[in-house]
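> In terms of the UniProt record's numbering, the sequence shown is residues 1 to 40.
I should point out that these hints are in silico values taken from the structure, not numbers from a laboratory. Even glycine gets a Cβ: it sits at the ideal position worked out from N, Cα and C. Any given hint might turn out to be false.
Label-pair restraints from in silico Cβ distances [said to hold, decoys possible]:
1. G32 - P4: 31 to 37 Å
2. L30 - L7: 32 to 38 Å
3. G32 - I12: 30 to 36 Å
4. G32 - D3: 43 to 49 Å
The calculated SDA-like cross-link candidates involving lysine to any residue, where the alpha carbons are at most 20 Å apart (straight line), are [what the hints assert, rightly or not]:
5. K31 - F20
6. K31 - A14
7. K31 - S15
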Amino acid sequence: MYDPPFLEALMITASFFAIFIIIVVSVLLLKGEGTKSLSH
Numbered sequence: 001m002y003d004p005p006f007l008e009a010l011m012i013t014a015s016f017f018a019i020f021i022i023i024v025v026s027v028l029l030l031k032g033e034g035t036k037s038l039s040h
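Input sequences plus hints: build the corresponding full structure.
Below, the structure is given as structure tokens:
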């Protein structure tokens, strides 16, 4: 049995992660795959 707060937090985390990944991918595509500007 899942608690509603748990599902809500999970959905919020998943949506935040999806947006973050999309932003990172778009930035990498705009900068160029070969560019190693970020030392992460």
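> For the pair G32 and D3, does the Cβ-Cβ distance stay inside 43 to 49 Å?
For G32 and D3 the Cβ distance comes to about 45 Å; the hint holds.
> Using the Cβ atoms, figure out if L30 sits within 32 to 38 Å of L7.
35 Å Cβ-Cβ, so the 32 to 38 Å window holds.
> That 30 to 36 Å hint for G32 and I12 (C-beta), does it hold up?
holds (32 Å)
> Would you check the hint for K31 and F20, treating anything up to 20 Å between C-alpha atoms as holding?
Holds. K31 to F20 sits at ~16 Å (cutoff 20 Å).
> Taking 20 Å as the top limit, are the C-alpha atoms of K31 and A14 close enough?
violated (26 Å)
> Look at the Cβ atoms of G32 and P4 and judge whether their distance stays inside 31 to 37 Å.
At 44 Å between Cβs, range violated.
> Is the hinted pair K31 and S15 satisfied, with a Cα-Cα distance of at most 20 Å?
Given pair K31, S15 is violated - Cα atoms ~24 Å apart, limit 20 Å.
In terms of the numbered hints stated before, the structure departs from hints 1, 6, 7, listed from lowest to highest.
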